[in-house]
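Enquirer: Once you have looked at the hints, place chain B on chain A.
What follows is the residue order along each chain.
Number of protein chains: 2
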Amino acid sequence: MHDGFATLPAPPYYAVISSSRRRDGGGDDGYDATSARMLELVRQQPGFLGAESTRGIDGFGITVAYFESEEAIAAWRNQPEHADARARGRNEWYEHFELRVAKVERAYGMRHGTPA
Amino acid sequence: MHDGFATLPAPPYYAVISSSRRRDGGGDDGYDATSARMLELVRQQPGFLGAESTRGIDGFGITVAYFESEEAIAAWRNQPEHADARARGRNEWYEHFELRVAKVERAYGMRHGTPA
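Order-wise, the sequence lines are chains A and B. Quick note on numbering: our numbering labels position 32 of the first sequence as 32, and the sequence is numbered without any gaps. Each position in the second sequence, counted from 1, maps to that position plus 116 in our numbering.
FYI, nobody ran anything at the bench for these hints, they're computed from the structure. Note that CB positions come from ideal geometry on N, CA and C, so glycine has one too. One or more of the hints may lead you astray.
Said to hold, decoys possible - Beyond 10 Å from chain B on every Cβ pair, some chain A residues (computed):
#	residue
1	D29
2	L41
3	S69
4	G109
Said to hold, decoys possible - Just so you have them, the derived chain B footprint on chain A, three or more residues with Cβ under 8 Å:
#	region
5	16 to 22
6	75 to 86
7	93 to 107
Said to hold, decoys possible - Beyond 10 Å from chain A on every Cβ pair, some chain B residues (computed):
#	residue
8	D144
9	D148
10	L155
11	E156
12	L157
13	Q161
14	F164
15	S169
16	A188
17	A191
18	W192
19	A199
20	R204
21	A218
In isolation and in its complexed conformation, chain A is listed as follows:
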């Protein structure tokens, strides 16, 4: 995710918007390693286009993952290692989690120096 931005084709495509609040945990609960592994895995997923993710110091985070199609989203959802990680998220890591699936209809960008 280099500079944080996903490089995406022209719309339409799909966005999976996840917002979450981490539990007050403290210590290494495996979250960071699993997040890195999920990013590695999703990049191998057919139809995955890119992702953007950030979390504030208050523990509230947003990740948006972009896919070519609903079929690609469903395949990623059913990927076994990802399904296990989602269960750990629900049971161990997240206090609150919201997921919204949306179809991106238009997009534009601006980058200083060059039009994005």
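Expert: What follows is chain B alone, placed relative to chain A:
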């Protein structure tokens, strides 16, 4: 935005997904005051449903604002004080900015203790 999560009706509705990287500025450049003012204003905008926003210590941030309709998004885009703020964002505050408009088709959530 209390605990960070927007409380939204059942889909369909629209999401405006903005990702941005702040310029290396330092000092008070008016960004925080304008952000707070924009949140105050958008809450008064007809068709605004809620927003979620976070920024990491690396300066990369994601805000997702939810609206009832494309018409509500267009009205907010054309709100004069917001249009001025967007221009300052492009010219002063952001090194890179991407905006995607999407129609949310389905959503679910999980909150510990109670189903969200």
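Enquirer: Now tell me if each hint is right for this structure.
Expert: Structure-based check of all given hints:
Distance check for A/D29 against chain B: the nearest CB is about 15 Å away, which clears 10 Å, and the non-interface claim stands. No Cβ of chain B approaches the Cβ of A/L41 within 10 Å, the least distance being about 21 Å, so the stated non-interface status holds. Against chain B, the non-interface label of A/S69 holds: every CB pair exceeds 10 Å, the least being about 13 Å. Its beta-carbon lying about 4 Å from the closest one in chain B, A/G109 breaks the requirement of being farther than 10 Å from that chain.
Coverage of the region 16 to 22 of chain A by chain B holds. Counting CB-CB distances below 8 Å, 3 residues qualify, and the rule asks for three or more. Taking a C-beta to C-beta cut-off of 8 Å, the region 75 to 86 of chain A contributes 0 residues in contact with chain B, too few for the three needed, and the coverage statement is violated. For a cut-off of 8 Å, the count of residues in the region 93 to 107 of chain A with a CB near a CB of chain B stands at 14, and the three-residue condition holds. Once the 10 Å rule is applied to beta carbons, B/D144 is consistent with being away from chain A; the minimum gap is 19 Å.
Look at B/D148: its CB is around 14 Å from the nearest CB on chain A, clear of 10 Å, so calling it non-interface holds up. Every C-beta of chain A lies more than 10 Å from that of B/L155, the closest at about 15 Å, which supports listing it as non-interface. The beta carbon of B/E156 sits about 20 Å from the closest Cβ of chain A, which is more than 10 Å, so the claim that it is off the interface holds. Distance check on B/L157: its Cβ is at least 21 Å (rounded) from any Cβ of chain A, clearing the 10 Å threshold; non-interface status holds.
For B/Q161, the requirement that its beta carbon stay farther than 10 Å from each beta carbon of chain A is met, with the minimum near 19 Å. Every CB of chain A lies more than 10 Å from the CB of B/F164, the least distance being 16 Å, so the non-interface label holds. Look at B/S169: its CB is around 8 Å from the nearest CB on chain A, not clear of 10 Å, so calling it non-interface is violated. The beta carbon of B/A188 is kept farther than 10 Å from every beta carbon of chain A, the shortest such distance being approximately 15 Å.
Every beta carbon of chain A lies more than 10 Å from that of B/A191, the smallest distance being close to 17 Å; the non-interface claim holds. With a least beta-carbon separation of about 15 Å from chain A, B/W192 lies farther than 10 Å from that chain, consistent with its non-interface assignment. A cut-off of 10 Å between C-beta atoms confirms that B/A199 is not in contact with chain A; the least separation is 15 Å. Every CB of chain A is more than 10 Å from the CB of B/R204 (nearest about 13 Å), matching its label as outside the interface.
Look at B/A218: its CB is around 4 Å from the nearest CB on chain A, not clear of 10 Å, so calling it non-interface is violated.
Of the numbered hints given earlier, the model fails hints 4, 6, 15 and 21; all others are met.
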